[in-house]
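Chemist: Sequence order for the protein chains is A and B. For the first sequence, counting from 1, position 336 maps to 336 in this note's numbering; every step adds exactly one. For the second sequence, counting from 1, position 8 maps to 8 in this note's numbering; every step adds exactly one.
Because the hints were derived from the structure by calculation, they are not lab data. This one's a predicted model, so the numbers in the text were calculated from it and none came from an experiment.
Now the stretches of chain A that chain B is said to cover, found in silico as 3 or more residues with beta-carbon under 8 Å:
| hint | stretch |
| --- | --- |
| 1 | 43–57 |
| 2 | 206–213 |
| 3 | 225–233 |
| 4 | 308–314 |
| 5 | 321–330 |
Listed below are several chain B residues computed to face chain A (Cβ distance under 7 Å; list not exhaustive):
| hint | residue |
| --- | --- |
| 6 | Arg24 |
| 7 | Thr53 |
| 8 | Leu55 |
All residues carry an ideal CB built from backbone N, CA and C; glycine is no exception.
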Amino acid sequence: MGKKRVVVPIGPYHPLLEEPEYFTLYCEGEKVVDVEWQPGYNHRAIEKISESKHWDQVTFLIERICGICSTSHPIAYVNAVEDLLQIEIPERAKYIRCIIAELERIHSHLLWFGLAGHFLGYNTVFMWSWKYREPVLEICELISGNRNHYAMMKIGGVRRDIEDEDIPVIKKKLSEIKGKLEMLTNAVLDDPVLAARLKGVGILTKEDVKNYGAVGPTARASGVNIDVRKDEPYAAYDLIEWNVITCENGDVFDKAVVRLLECLESIKIIEQCLDAIKGKKGEIETEVRDIPPGEGIGHGEAPRGEVFHYIRSDGTNRPVRHKVRAPSYVNIPTFKASCIGETISDVAIILAGVDPCYCCTERVSVYDMEKKKKIYDFSDLIKLSQEKTKRVCEELGVKWKE
Amino acid sequence: MNAENRLREKFGEKIKIEKPNEKRIYVTCDKDDLEEIVKFIFRDMDARYIVATGLQNFDNFEILYHFGIDEEGKVLSVRVYLDKDKPEVKSLTHIIPGIAWIEREIWELLGINFVGHPNLKHLLLPEDWPEGNYPLRKY
Numbered sequence: 001m002g003k004k005r006v007v008v009p010i011g012p013y014h015p016l017l018e019e020p021e022y023f024t025l026y027c028e029g030e031k032v033v034d035v036e037w038q039p040g041y042n043h044r045a046i047e048k049i050s051e052s053k054h055w056d057q058v059t060f061l062i063e064r065i066c067g068i069c070s071t072s073h074p075i076a077y078v079n080a081v082e083d084l085l086q087i088e089i090p091e092r093a094k095y096i097r098c099i100i101a102e103l104e105r106i107h108s109h110l111l112w113f114g115l116a117g118h119f120l121g122y123n124t125v126f127m128w129s130w131k132y133r134e135p136v137l138e139i140c141e142l143i144s145g146n147r148n149h150y151a152m153m154k155i156g157g158v159r160r161d162i163e164d165e166d167i168p169v170i171k172k173k174l175s176e177i178k179g180k181l182e183m184l185t186n187a188v189l190d191d192p193v194l195a196a197r198l199k200g201v202g203i204l205t206k207e208d209v210k211n212y213g214a215v216g217p218t219a220r221a222s223g224v225n226i227d228v229r230k231d232e233p234y235a236a237y238d239l240i241e242w243n244v245i246t247c248e249n250g251d252v253f254d255k256a257v258v259r260l261l262e263c264l265e266s267i268k269i270i271e272q273c274l275d276a277i278k279g280k281k282g283e284i285e286t287e288v289r290d291i292p293p294g295e296g297i298g299h300g301e302a303p304r305g306e307v308f309h310y311i312r313s314d315g316t317n318r319p320v321r322h323k324v325r326a327p328s329y330v331n332i333p334t335f336k337a338s339c340i341g342e343t344i345s346d347v348a349i350i351l352a353g354v355d356p357c358y359c360c361t362e363r364v365s366v367y368d369m370e371k372k373k374k375i376y377d378f379s380d381l382i383k384l385s386q387e388k389t390k391r392v393c394e395e396l397g398v399k400w401k402e
Numbered sequence: 001m002n003a004e005n006r007l008r009e010k011f012g013e014k015i016k017i018e019k020p021n022e023k024r025i026y027v028t029c030d031k032d033d034l035e036e037i038v039k040f041i042f043r044d045m046d047a048r049y050i051v052a053t054g055l056q057n058f059d060n061f062e063i064l065y066h067f068g069i070d071e072e073g074k075v076l077s078v079r080v081y082l083d084k085d086k087p088e089v090k091s092l093t094h095i096i097p098g099i100a101w102i103e104r105e106i107w108e109l110l111g112i113n114f115v116g117h118p119n120l121k122h123l124l125l126p127e128d129w130p131e132g133n134y135p136l137r138k139y
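Take these sequences, add in the hints, and give me the full structure.
Modeler: This is the structure we're talking about:
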């Protein structure tokens, strides 16, 4: 008797998501046998709008591509324009760019980690990591006036300076976060239930990373040592000491470990940058008047991986073509490699493992194709995932605690 | 040997190399040689596929295939020009599986046909998008 295939649609809308997509999982029993995806539900034609904006206005436009990586796109864009112009920016601006980019990385990773905890039934993790994310946003507000959408990047430099009297405040907050982060990281590394639940789940091999061009923590968890900050240093990343974090197994556990360790590395970067600008005065921008005809490529490491921008100028005050590639564009197709063969109770966390996806899991329903009857909705799927954690707890003899 | 020299040695006259600065390499080639060149770059040189950019110029179409040469910290872009009236190029999905999405996107936004693409349907635009309307075309 042939097995009955059940279709599980996931998506498309959720208030958290940067890129709404629609996933279709084909399942046989508990096992996922195929994945399909359909993005485009929130296609805003940013590339087209960009062609009608002034070069300076584009930085604000692309900041709004994504609320969480709201500085990664502007960094890649200004890198692209500066590549076209062949200009050097002042050293102080380089450090400030680094500080903003790393603050963003910490809060983005903590946000991910909290949601991953929720999916697994660890709501304490969710509350902790979102609590520790808050001081990071406060630092962002202190520097830029905004918790998100910092509007700090500008062609040729940055828009705002960091005042000397703010630096001790920022450093104090950072050292507090550092202690909490270390505790969180150790808790994850030592937890037998998380290990049982996440190790060996949703493995992405090195070969698939190559084939799909996956980037960021998704690739680094599989042992592929790529990081634009090291490979082609922009801003001040070549002026300070830091390490690229990689793991070997490519499962969801390693993706979590890479992200948590990266947060600690980010704090190290920010501290060095603050030391470098402290007590010094200097220019924060190189003046740019005209953009000559030509083309430029800029990329930067966003929390989720490499952001890539290509721009072309015809000498007028607007780009004639502006191509944007966000990291999820290459990371999402890897589900084809990582989800197939896994059970449906693990899919929520595998999709979340790449990071675009808790976004998409909000509105999940399982339909029986033949009867057209709703079997599961999203909360059931989360429940499945949480129940599995409970079972794992019992098998390990650990007391289940939310 | 660095990436640029390997390409020069392998393809010689078939390609034209431009280097606006040390970190960027632009390789222009004929669309018939594209498959061979991309295969060499992606498989033999082990470059990382980034994305492709499609654009329309006044008298032709243009696609740039971007690759990251991460050991050298460079971005290599392979440029092909396509015919204005019948823009068409071979799909590269059999070499780079991850390229399927961007080919679908260029197809729907610019109307460039990718011959041999296994699943050439709308990616960002709705399925009932009127045929022959290409949002990124200018001329």
